[in-house]
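Peer 1: Single-letter residue listing:
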Amino acid sequence: MTTPQIDPAPRLLERVQAYRGPPTAVMEVCGTHTVAIARLGLRSLLPPGVRFLSGPGCPVCVTPVDVFDAALFLVRECGVVLATYGDAVRVPGSDGTLAEARARGADVRVVYSALDALAVARSEPDREVVFLALGFETTSPTVAATLLAAREARVDNFSVLSAHKALLPAMDALVQDPDVGIDGFLCPGHASMVLGTRGYRPLADEHDIPCVVAGFEPAEVLAGLALLLDQRLAGEARVENAYPRAVAPDGNPAARAVLERVFQRVDSRWRGLGLLPASGYDLRPAFASLDARRRFLEGVSFDGREPPGCRCADVLRGVLEPDGCALFGKQCTPENPVGACMVSSEGACGARHRYREA
Amino acid sequence: MCVAIPGEIIAVDPGGTAEVDFGGVRRSISLALVPDAGPGDFVIVHAGFALHRVDPAEARETRALFRELLDDDPAD
Ligand code: SF4
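Going line by line, the protein sequences match chains A and B. Note that this note's numbering has the first sequence beginning at 83, numbered continuously upward. Note that this note's numbering has the second sequence beginning at 21, numbered continuously upward.
Some hints here could point you the wrong way.
[Stated by the list, open to error] Below, a sample of chain A positions facing chain B; criterion: calculated Cβ distance under 7 Å:
| hint | residue |
| --- | --- |
| 1 | T220 |
| 2 | T224 |
| 3 | M275 |
| 4 | A308 |
| 5 | P326 |
Calculated from the structure, these hints are not laboratory results. The beta-carbon is built from N, C-alpha and C at its ideal position, and this holds for glycine as well.
Isolated chain B (complex conformation) (with noise of 0.2 Å):
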């Protein structure tokens, strides 16, 4: 039930739904609890809602954090 997936938004109307792009396949996304979020944002939805904007520098720190984990040998 908590399947949340991201896409990209595409439009935006001005009532405030969106159209979402999930690999190719396309959805009206309501924005009211996102709502700073605009074209060319990629989205986390759930239940036809977009929920998290994915913010560029929180998907770097993901990296980082696989690099970190990698990195030192917990056997140290």
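This is chain A alone, in the form it adopts within the complex (with noise of 0.2 Å):
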């Protein structure tokens, strides 16, 4: 439908390596780049002064330890099935997993969207069944239509326990921390899907970053590349959209409006950046009913420690490369990961290691 007539790809990358301006340290915000970047070998073949930056974009990798400890809480203290996302189960939270849980008896089901497991708990009326959502603004749209779609249902014995989180509260502050020094992003496609390209002029016209969007196939991250170091080349900062078959100027205000009436922004935590305000999505008052948090755990607190040695909060600032950490691929592989990073293929330490450049 869209596929150009020739592979652009090999063109576009003699562009981008005939690029002689300005050191330019490129953020690619979602993980998805990190693994496409990874997979192409692109960090081997960039011009002299470019390199990449891997940022906050893979979901279960900035949720904080306390959110699988709040899971694990459930499982075992409060009977519920605990339906998630693949990677979700493997996460460590401060005494195992909820894969390890579940080995041991309890009810933790894998499934692939908010949908499924709201579909379990229409099967089975009798049990409490709790989605345990996390991600971007890419999937909390789909969490909220589900939360919509089981109220109107009056299904009463399904929650979630929500960890969703805004994109953009997390670029300004890492724009602002002076360690890492980001001069342009790669800003995520499939988020930007639903935020439009709007959403990122305050980090061009206040920071003066420029900001590309860019879509996952080899020549879809090299068109965004070429776009930015051209405009690093011109001494501008700007927002570009190097996406447009799938992002829109003002993304997907359906998707927005169903998001904002279910779910209300709130400080929240992030593995690596911390406490950021505003950056947090909460189920509304109106949703207590279908919130965990208010169900299951009012009054319940969790430590959330880290698992000792993992500099993943350092990876996911972009201050350390993934093979800068002394258990990168000795103690920490995606087989027996010890941190949240190495267990998402999209998270910097996995794609890293299963795409190993030579």
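Join these two chains into a complex; the hints should help.
Peer 2: Structure below.
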């Protein structure tokens, strides 16, 4: 449908490699970009002075430990059926993973979507089903729509433990962190499908950071990088869209309306980035009966201890390369992940390990 | 986790659930977040929901972008 006639990737790569402008640290915000860059081996092909920093866009990576502690508490102490995405069951809490809890008899189900979790609740009306929801603006509207459907169908044994996060506040915090030093953002294609390109304008206008929305095919990643380097060469900082087939300037207003109807912004803790104002999505009070925190976790708190030796917090801010962690590839591998960044194939450590550049 | 793939809407039921064809594989997909999409439209789907209706003009823009990038020589 939109495939160009010739494969533009080799010519785009040549074009990128011809760059001889100011040194440029490009943060790829999205985990899917991290994977595309690792798979392409793009790091080793970059022109002098250009480097990639992996950003905070891997959902399970930025979800702090205490969320997994809460999920473990729900299955161990409250006896709920806990449904969530495949990656989430392997992320260590302070005391084990959901997968380990399942091996000891807890009822943990891996689902593809919030709708699947709602279907479990409907087919097993005598069980309490909690969906552990995490991710950014690509995913949160799907959970919001599922909550509206649950309310309409009066499903009363379903609730959501929301760890949803807003991407823009994290990008804003990273840009202002002097340890990080970002010169440009490769903005996430799929979250931008909802947010649109307009959301990045403050980053470009107020912080002078070129922001280019890019897709995930090799040619699309290269096209995004080429536009970003053009801006650096010209000394500009604008928002550009290298993924117009999926991203409209205004994004998806219907999805944002559903999101806002169900969720409200709250201050939220990120692994690596700490507490960021208005960076998380909690259920609005009107949806209290569908909120697992209000139903099961009132007055309970969790330590959220990071695994000893894990440097995810630094990797997630882009100040440490994954192989700078002493555990990388030794105690910590995709088969036996110590930290969240190794669990997901989209995590900086996981992507680097799977596609180790020779 | 954020894999979003495009498919073609084949049919829509009155409840807003569409049958979407992904290169021969058909799935039931909710249109709750793209309420104006209908049969014949291509949509990008994530976690059981259509999230974006691919507009033919936007697809053309993608081709134009690539042409532009490849036609002017960055070395100039
Ligand atoms: S290699 Fe493992 S332990 Fe080290 S930072 Fe990455 S996930 Fe954490």
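Peer 1: Please go over all the hints and tell whether each is borne out by the structure.
Peer 2: Structure-based check of all given hints:
1. For A:T220, the interface hint holds, the least distance from its beta-carbon to any beta-carbon of chain B being 5 Å, beneath 7 Å.
2. Residue-level restraint check for A:T224 holds (minimum Cβ-Cβ distance to chain B is 4 Å; threshold 7 Å).
3. About 5 Å separates the beta-carbon of A:M275 from the nearest beta-carbon of chain B, less than 7 Å, and the hint is met.
4. Interface restraint check: A:A308 against chain B, minimum CB-CB distance 6 Å, threshold 7 Å, status holds.
5. Checking A:P326 against chain B by beta carbon gives a least distance of about 4 Å; that is within 7 Å, so the hint holds.
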